[in-house]
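Protein chains: 2
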Amino acid sequence: MPDLSALLWPNVVAVIGASPEPDILRGRIMQVMNGHAYKGTVYPISRSHDEILGRRCYASIDKVPEKVDLAILIIPAQFVPATLAACGEAGVRAAQILTSGFAEEPGEGGAAMEDEIRAIAKRYDMAVFGPNSEGFANALNALCPTFSPAVDKTERPLLPPWRQNGHITVVAQSGGMGFAFYDHGRPKELPFNYIVTTGNEACLGILDVVDHLLDEGKTDAFILFMEDVKRGEQLCRVAEKALKAGKPIILTKIGTSDAGARAAASHTASLAGSYQAYQGIFQRYGIIEGGNTEEIVDIAAAFSYHGRNLPKGKRVGICTASGGGGGWMADLCVSAGLEIPELDAKTRATIDAYLPAYGTSQNPIDATAQAVRVTGYGGLARMAAGSDILDGIITVASCRHPGVLQREREDLIELAKEVDKPILFCSYTQPHQDSTAILSQAGFPLFGNMANCARAMAEMADYHQLRQRALAAPRIESSDAGSRDKVAAQLAAAGAVLCEYEVKPLLAAYGIATAEEALATSANDAVALAKTFSGPVALKIQSPDILHKTEAGGLALSLATDAAVRTAYDQVMAAATAQTRGVLVQAMAPKGHEMILGINHDATFGPMLMLGFGGIYVEVNPDVALTPVPLDRGAAVALLDRLAGRPLLDGVRGEGPADIDALLDLVVKLSRFAADHGAMIGELDLNPVLVHPAGQGISVVDALLVKRS
Amino acid sequence: MPDLSALLWPNVVAVIGASPEPDILRGRIMQVMNGHAYKGTVYPISRSHDEILGRRCYASIDKVPEKVDLAILIIPAQFVPATLAACGEAGVRAAQILTSGFAEEPGEGGAAMEDEIRAIAKRYDMAVFGPNSEGFANALNALCPTFSPAVDKTERPLLPPWRQNGHITVVAQSGGMGFAFYDHGRPKELPFNYIVTTGNEACLGILDVVDHLLDEGKTDAFILFMEDVKRGEQLCRVAEKALKAGKPIILTKIGTSDAGARAAASHTASLAGSYQAYQGIFQRYGIIEGGNTEEIVDIAAAFSYHGRNLPKGKRVGICTASGGGGGWMADLCVSAGLEIPELDAKTRATIDAYLPAYGTSQNPIDATAQAVRVTGYGGLARMAAGSDILDGIITVASCRHPGVLQREREDLIELAKEVDKPILFCSYTQPHQDSTAILSQAGFPLFGNMANCARAMAEMADYHQLRQRALAAPRIESSDAGSRDKVAAQLAAAGAVLCEYEVKPLLAAYGIATAEEALATSANDAVALAKTFSGPVALKIQSPDILHKTEAGGLALSLATDAAVRTAYDQVMAAATAQTRGVLVQAMAPKGHEMILGINHDATFGPMLMLGFGGIYVEVNPDVALTPVPLDRGAAVALLDRLAGRPLLDGVRGEGPADIDALLDLVVKLSRFAADHGAMIGELDLNPVLVHPAGQGISVVDALLVKRS
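Read top to bottom, the protein sequences are chains A and B. So in the numbering used here the end of the first sequence lands on 712, straight run, no missing numbers. So in the numbering used here the end of the second sequence lands on 712, straight run, no missing numbers.
Check each hint, because a few of them may be wrong.
Covered stretches of chain A (in silico footprint by chain B; criterion: 3 or more residues with CB under 8 Å from a CB of chain B, positions within the stretch not fixed) [unchecked claim]:
id, region
1, 185 to 192
2, 325 to 332
3, 398 to 412
4, 692 to 703
Hints were generated in silico from the structure; no laboratory data involved. We treat Cβ as the ideally placed atom computed from N, Cα and C, and that holds for glycine.
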């Protein structure tokens, strides 16, 4: 990968196509750059002007008197390839192409030009953003080569001067949306170090940027606006790297609806993958999906301030002077998955010393305005944070007038030093800018949306837990090479569809137990086999033509006598096709929870393991979860926990717990099978898998594998 | 009910306990009132001051030289009853008690004082808010008897001067939360006519206020912050009245979690009812629940502007110059239940005339910044609104700079006159106040949150549909008086628990068909009865002691022979208790979709009908919906539509549609049964009810009634 440092941290920048006209994009970019105290040098490249905004122009890149690090191209599309090549010749190390009119247009021309751009970038080892990008901003260096009005000169500096850590980076394909996050977040006094918009991503994509910034180490949380991912494996790799580094990614993935996908496709000339697969990857690696700009910014805000003191659990104390506000926040916390425990007697006694009779310290702690005038919101939060049974504090206040917090400014600074639990402040009125600043200077975020505040706390707790588990996870053992090669050879040799009798031995090579079962090719065979098994048997026709045995009449269950087996054999064989291989005789499995497992090939991410509950709701409201493979046991637990039906396995209906251990074991083994052979598997269905009571294992009752075509 | 007009529209107001000190609440209220151009007279009542803010003080209410309409009491709690009585004596018609320290305090004293207040109010026929209220604001009359800083004198008038309709009223028990809605909504240029906070509601509650304002007719949408409802039937009545009047109610109900309920209970001294029952009522009458302040205000904003041209359906066109923004909005619309159809060829051709090659008119319509400079956002929306296949338009734009909309100000005014479909504008950057004002003056809302904008459109479409149905609903026929009285007598005479054999005849009196079934008291009886039924039978022990027959061994199924019936009879009777009445012999029902119906007594709302799907998910994720009774058929359809499993009845698994007609018929009949006899029913369970294929009816396979104790 070319060096992104030259792109983001250039000393010398050339703007090719620069103009003095403030009303056209080529002039706006000069205006925007000029509005900030960038310490490097900016050369406008223009044939029609001698100087722009006091900077001398040069007619072409090779005329610039010093070596240029970054070239910004804002010239008609047809001139872009040659100009980029000229930059390469002149030793330019990075380029950003703002021009549109490439692959997002109908026809082949634009895509071909992007291929050309890619080739040129490779030839000269240049780091290139775009085309069709809106530019980027490096707030740390006051460099804003973009025409986005969001970072045009404003009354506010690009970064809150007092924020030395908790930096947030925005990376987006869409320029408008990328800078919108900054626009929403800056008034919250959030320190955005980079806003990068990558446009059509002919060369560098958003994941390349994240990957680089993880190495660079200046970013503490990422906001991504994702339209598509070109290389699925890169998302997994970068997401895992970010998780291990403790740098959360908060994002939205557009294209989840057909109409959204239509928009993404026409807009950045690419097709979106399966949203379910994306979700599987997000959940596996702790990537947080946000529903709207404000929510995403608010979640990032929580991590920006409290990334180094995340809540160790989900128990929250709510401090307020508004009974109504505290009650609403309690509901919102619970619906976000948090707990609001009744406070312990010791902490209550401490707080009660300040409360009038109509206040309460039970939690929500409704201290009343009267008590808060004495304790301050900081003092109240401090007392609550002292409780051993709380992992984090949410303070609900009205911050529309700065006076409330001004009088406890010093105490809030002390509070941040003393308490190592996260304390989120939330204003139920519109927060005054000074209120936000006072809290920010102390080290606390101020939310203006109660639901976002509750969710941010919950996401921090979940992230902490997931990351601890990921850091503690053992290295996944590789499969036995002999078994792996043997299965690979068998799979390669098999036909397009593998019936149950062919799939089971492959699974057995990965330690997945099969039932008592064997293929019969005559009624006599079947009767003889059935005798050797314990209990009644099932007969199942085995033919690659018959994907739905029940509908075809190729299935008979619960056969307890020789006669029944013999009759059933003939009935089942009546469904036979030319390709029929025989009838699988299988001991009937005992009862159990009906689950489904499978492997599906996703166009973007390759093999994904699927786990879910069967039953009547599969069609209308499937309870399934996907994940990339392989999985360690901890990841298998997390996968299972994502199912709404999970509590059923604990025996909520009074029938006792199911054999969850055996199920997890199956998930882990199947994930290795998928990792080793996913390239050859279009679809593998184990449906149903019966999960028996604890200690009694699982039964894989059916299996079908369709190879990738 | 006393006349609320005297409270909200007084000509003469006395503030009892007024003070000139701006730092205490008794002084703040004078400051706040003084900040607005109220045309009536305000008399401070004070013994320690001669004048306050230039107004002459009087020592007591009877000294005031003219008749007072409204008295504001902000004096210590113990003086409230006597002072209120003095007001009554002086002919004061209304009072607002801001003082706290009543039923929200521990002990009996506060509640007793509230009883006293209630008695005094009744004696003098006074309309009374409070105690423990934060006051109200009547923006139409510039009257703000409240100490809320939200309506303190600001640079902005209380109402946007150009808004002549679409008025929004906030009614809340909680003062802080009530005024928070105004605080969030006023910058959006929303016309709040009243903000009313009712506190402990010793006399008047929020529903009294809504009821009065529906009659008054000055309000077009209501925002409620609801902690509890004291009289369930009032909620149903007022909600239905609002729906018929086309005045939407948008609210949050706190106390949905245990912790939230704890807060509500300690805060306003009352217990919250069952949240599921609340939801049933909200959904029945089109009450819209919002998740946070901003969302509630945004939904109200949509109705404020477009209440008279609601979308006739769910098909939305998205206009934008940001491909990313349009795509995200499309996803959000779809997830809110809207449709984003591909645009028709005619409309596309009209739009395409303006688009560059890299734009698209498919929908989302990504016109690009280049085309929007020509058409304007208004012009683009006009073209899209011309399409027959769209019910509403959402325009996604960046409105952080007012310039964008300023240049099309006149055209936007024209647009609002020409187009009768709702057009919602949404800024993906933080909207500039002038952008909001320009759109507001034309007649359009501007959203700053894309998810809220999508949801607001969806809620308008749903509300329109529900209201049309409610207006068209036939009057529900009353039950046959003879049957009703007979069933009532039988119910009254029965024991605490009615077994299936006792319940079924009661249901039959309401036209609910029973299976072939009869009670047997000997094995011979059972065998004889079974012979007269078609097909195999089930035996079920009938005892008020045995609520769970399966667990008790009191159930035998699919008995096809005399011998089987005889054996089963003895087995089943082995579970008999002293109270056993015999064994119900019942023809086995054919297969069907397993559903559950029931009647449950809710502490707040009385009898609620419950409809849901059975199956494994009932325990972990119940798919059930509640509703008040009785129901017409349209309401039964709406109830069924609330179930996630609803599509199962259409035969999504390929088995053909179920007998939905018969199910709806059962729901309607059972709702009449509940309406007539709910007062005697603690719980009635029909579980399961089997819904057979279309034309083949339903089977009520089990029934149990527990009377209210």
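Status of each hint after checking the structure:
1. 185 to 192: holds (count 3)
2. 325 to 332: Satisfied; 7 residues make the cut.
3. 398 to 412: holds (count 3)
4. 692 to 703: violated (count 0)
Against the hints set out earlier in the document, a violation occurs for number 4 only.
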